[in-house]
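Colleague: Start from the sequences, fold in the hints, and give me the full structure.
Top to bottom, those sequences are chains A and B. To get our numbering, take the position in the first sequence, counting from 1, and add 95. To get our numbering, take the position in the second sequence, counting from 1, and add 256.
Please note: incorrect hints may appear among the correct ones.
Claimed, not checked - In silico DSBU-like links for lysine-lysine, alpha-carbon gap of 35 Å or less:
id, chain 1, residue 1, chain 2, residue 2
1, A, 190, B, 555
2, B, 274, B, 417
3, A, 179, B, 649
4, A, 159, B, 671
5, B, 713, A, 251
6, B, 555, A, 179
7, B, 299, B, 415
8, B, 263, B, 292
9, A, 261, B, 417
10, B, 555, A, 228
11, A, 251, A, 123
12, B, 649, A, 159
13, B, 295, A, 228
14, A, 190, B, 532
15, A, 179, B, 710
16, B, 649, A, 228
17, B, 702, A, 159
18, B, 415, A, 261
19, B, 415, B, 274
20, A, 190, B, 710
21, A, 228, B, 713
22, A, 179, B, 562
23, B, 292, A, 261
24, A, 214, B, 555
25, B, 713, A, 123
26, B, 710, B, 634
27, B, 625, A, 190
28, B, 711, A, 123
29, B, 713, B, 295
30, A, 251, B, 702
31, B, 702, A, 179
32, A, 214, B, 702
33, B, 292, B, 649
34, B, 634, A, 159
35, B, 562, B, 532
36, B, 625, A, 179
37, A, 179, A, 159
Rather than coming from a laboratory, the hints here were simulated on the basis of the structure.
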Amino acid sequence: MRVGLFIPCYVDQFYPQVGIATLELLEKFGCEVVYPPNQTCCGQPMANSGFEHLTGGCNDLFIKNFADFDYIVAPSGSCVLHIKDHLHHPGISDKIYEFVEFLTDVLHVETLDASFPYKVGLHQSCHGQRGLKLAQMSELMAPPFSKPQQLLNLVKGIEFIELDRKDECCGFGGTFCVAEEAVSVKMGKDRVADHLHHGAQVITGADMSCLMHLEGILRRQKSNVVVKHIAEILNSQITYEQHES
Amino acid sequence: MSSTNHKDHAALAATFNKDEPRVEWHDQTLWWVRQKRDKAAAKVPDWEILRDTASRIKDNVLSNLSGYLRQFEEEATRNGITVHWAADAQEHNEILYSILSRHKVDKMVKSKSMLTEECHLNEFLHQKGIEVIDTDLGERVVQLAGEPPSHIVLPCIHKKKEEIGEIFHEHLGTPAGNSDPQFLTHAARLHLREKFLTRRVALTGVNFAIAETGEFVVCTNEGNADMGAHLADVHIACMGIEKLIPQRHHLGVFLRLLTRSATGQPITTYSSHFRKPRPGQEMHIVLVDNGRSTHLGRKDFRNSLKCIRCAACFNTCPVYRRSGGHSYHTAVAGPIGSILSPNLDMKKYADLPFASTLCGSCSNVCPVKIDIHEQLYKWRQVIVQENGAPIGKTAAMKAMNWVLSHPGVYHTAGKTGRWFMLNAPFTVNNGLNAWYRQRDMPEPPKQSFGEWYKKNKQ
Chain A
96 MRVGLFIPCY VDQFYPQVGI ATLELLEKFG CEVVYPPNQT CCGQPMANSG FEHLTGGCND
156 LFIKNFADFD YIVAPSGSCV LHIKDHLHHP GISDKIYEFV EFLTDVLHVE TLDASFPYKV
216 GLHQSCHGQR GLKLAQMSEL MAPPFSKPQQ LLNLVKGIEF IELDRKDECC GFGGTFCVAE
276 EAVSVKMGKD RVADHLHHGA QVITGADMSC LMHLEGILRR QKSNVVVKHI AEILNSQITY
336 EQHES
Chain B
257 MSSTNHKDHA ALAATFNKDE PRVEWHDQTL WWVRQKRDKA AAKVPDWEIL RDTASRIKDN
317 VLSNLSGYLR QFEEEATRNG ITVHWAADAQ EHNEILYSIL SRHKVDKMVK SKSMLTEECH
377 LNEFLHQKGI EVIDTDLGER VVQLAGEPPS HIVLPCIHKK KEEIGEIFHE HLGTPAGNSD
437 PQFLTHAARL HLREKFLTRR VALTGVNFAI AETGEFVVCT NEGNADMGAH LADVHIACMG
497 IEKLIPQRHH LGVFLRLLTR SATGQPITTY SSHFRKPRPG QEMHIVLVDN GRSTHLGRKD
557 FRNSLKCIRC AACFNTCPVY RRSGGHSYHT AVAGPIGSIL SPNLDMKKYA DLPFASTLCG
617 SCSNVCPVKI DIHEQLYKWR QVIVQENGAP IGKTAAMKAM NWVLSHPGVY HTAGKTGRWF
677 MLNAPFTVNN GLNAWYRQRD MPEPPKQSFG EWYKKNKQ
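Modeller: If you want it as structure tokens, here you go:
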């Protein structure tokens, strides 16, 4: 199985460890993973700002880089949703998977050699959850499920905290985070407060963009709580002893 | 975004956010309403099927609107109701004025009607020397305060009870400092009772109009629509042309959805059917277009006309809860207002589709399954294409596109950016950077993923 690894631009530039964890996990599960070096961005920042008509260059580049793989996998619900919804090209929108759903739905991962002895709060990113349906949404009267939770449950030593609002938006929203700075920050502060109130040591999720926003707020508050992409946790081998020392 | 002179959503929301405890109170109050909605919806077996059914009935209505409108007019006329047609807000207001003039009245009572807010009827009649008393308690509060409603179901949700106590003290003479809700409600009741008894004309909104029977249904919790209509010589009901449903039995779908979605109640206290004037009474219906047929012609946006004005999308919207209804500077605020308003004035409301993170919660609570967040995205495209965007933003987007379309440029730009963040952080960490004002920038790594991959995997 040849997998084309799409590492979104901001993950490439700011969170290389997320890309590395994603790559290592996919290889652990037997995928032949290739990272096309000339990739950049899915085009979402422009499209969500009303400039979808300018995204032709990004789209062409994406097709050139990824059309020939069996699957395309990316550690970002938001970027994958954008490609699925807006890049209607044979061999792209039907082959692209967000990392978590690729593990649960394609690789059918049921066991995992990972340990992460921390109290973890799971942030459901909206585009992953409501867009890609990675988890049931609190608004709908339908049976619960959660693909990220399903994977995290395989990790040894991990503890989960419950949130008061289990799927409220963090307020990142792409350019919204600067165009509507006041509301964006307040949303982020409220999300962070919910996790802190319930004793989270780590906030995780399937979208690094939400986590980058929450991290910005945590660090400004001088909090010890950190953010980790779900791939980093699933790829962790931290034992309780290491944690204690 | 907007090219007009008024403050846009972001600026108004920033002002609202200066009082953080108030934002928290506003957010928690509306979140509580959302939770009530969840509990009420969970009690209905097949809630999702009910939503789907409502959505399909409205599809049928929108596809056959002209036929249903003619049928409704015919049946209503047969029932003895006078039917008027208004192409726009101006015509609607003129029709109202002509009825009032004919009866030589300069005062009337009005129960809740977002349509009359949309048409700015109160201001229009005020200029003609006619006094309009809003009889919905929340609307009366904001009317006394000289403000528009901030929410279509809970018009004064932005006011704390202490503030309402002050407003009543000033306008209704209640004792200063008394903010007991029961006491204030009683004071309002006495004040409004006198208005009901002395006004000869009553205006109501319409929640549902039934094509088959020519009747209309008005839903209130306070009974104020009934009190007005039953005591007045003239009852005028104003409705947007999209309020139609084909048959009376369809109410069984909509009445079950409306109040559960709105407040979490199983049904409104009063769901009153008006079919014909009582002997000696005049009954009028004003059917208002005001942009609705244009909207119906916009393929991507037409199904927003399914809206039954429950405001579930307001209560669930994390942006609305933290920016307040007035930040939308339009009669119908919230997510639904952000997709309806640009149809009325694409320049004035150009900012509204951008006042969202596109989280999608609105579409999930909508009882008639309007794809609100997808329409927000589509309006952004239409607005940028038709209005243009500020030169700076367009230039930035073009530059971004150029960088992201050229991998070599992207790699150099990324590396340079990270170098500056590591070695000259003040170039990024300053007050000009809207991210940095209240959030730290990410710690820039020494190498990008691409650089790591090149070294380790190739």
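Colleague: With the threshold set at 35 Å, check whether the alpha-carbon distance from residue 415 of chain B to residue 274 of chain B stays at or below it.
Modeller: Roughly 16 Å separates the two Cα atoms, so the pair holds.
Colleague: Just to be careful, I want the Cα atoms of residue 261 of chain A and residue 417 of chain B compared with a cutoff of 35 Å; is the pair within it?
Modeller: 30 Å, holds
Colleague: Is residue 179 of chain A within 35 Å of residue 649 of chain B, Cα to Cα?
Modeller: 26 Å, holds
Colleague: Hint check: residue 274 of chain B vs residue 417 of chain B, CA-CA at most 35 Å. Holds or violated?
Modeller: 20 Å, holds
Colleague: Does the structure keep residue 702 of chain B and residue 159 of chain A at a Cα separation of 35 Å or less?
Modeller: Given pair residue 702 of chain B, residue 159 of chain A holds - Cα atoms ~28 Å apart, limit 35 Å.
Colleague: Under the criterion that the straight-line Cα-Cα distance not exceed 35 Å, is the pair residue 179 of chain A, residue 710 of chain B satisfied?
Modeller: Holds, at roughly 28 Å.
Colleague: Would the pair residue 299 of chain B and residue 415 of chain B pass a check requiring their Cα atoms to be no farther apart than 35 Å?
Modeller: Holds. Residue 299 of chain B to residue 415 of chain B sits at ~31 Å (cutoff 35 Å).
Colleague: What's the verdict on residue 228 of chain A and residue 713 of chain B, does the C-alpha distance respect the 35 Å limit or exceed it?
Modeller: With Cα atoms ~33 Å apart, residue 228 of chain A and residue 713 of chain B stay inside 35 Å; holds.
Colleague: So if I understand the rule, the pair passes when the alpha-carbon distance is 35 Å or less; does residue 625 of chain B with residue 179 of chain A pass?
Modeller: Status holds; Cα separation ~21 Å.
Colleague: Regarding the pair residue 292 of chain B and residue 649 of chain B, is the alpha-carbon distance no greater than 35 Å?
Modeller: 41 Å, violated
Colleague: Below or equal to 35 Å on CA atoms is what counts here, so check residue 179 of chain A against residue 562 of chain B.
Modeller: Given pair residue 179 of chain A, residue 562 of chain B holds - Cα atoms ~27 Å apart, limit 35 Å.
Colleague: Does residue 214 of chain A pair with residue 702 of chain B here, judged by a C-alpha cut-off of 35 Å?
Modeller: Cα-Cα ~29 Å, so holds.
Checked against the numbered hints given earlier, the structure breaks hints 14, 24, 26, 29, 33 and satisfies all the rest.
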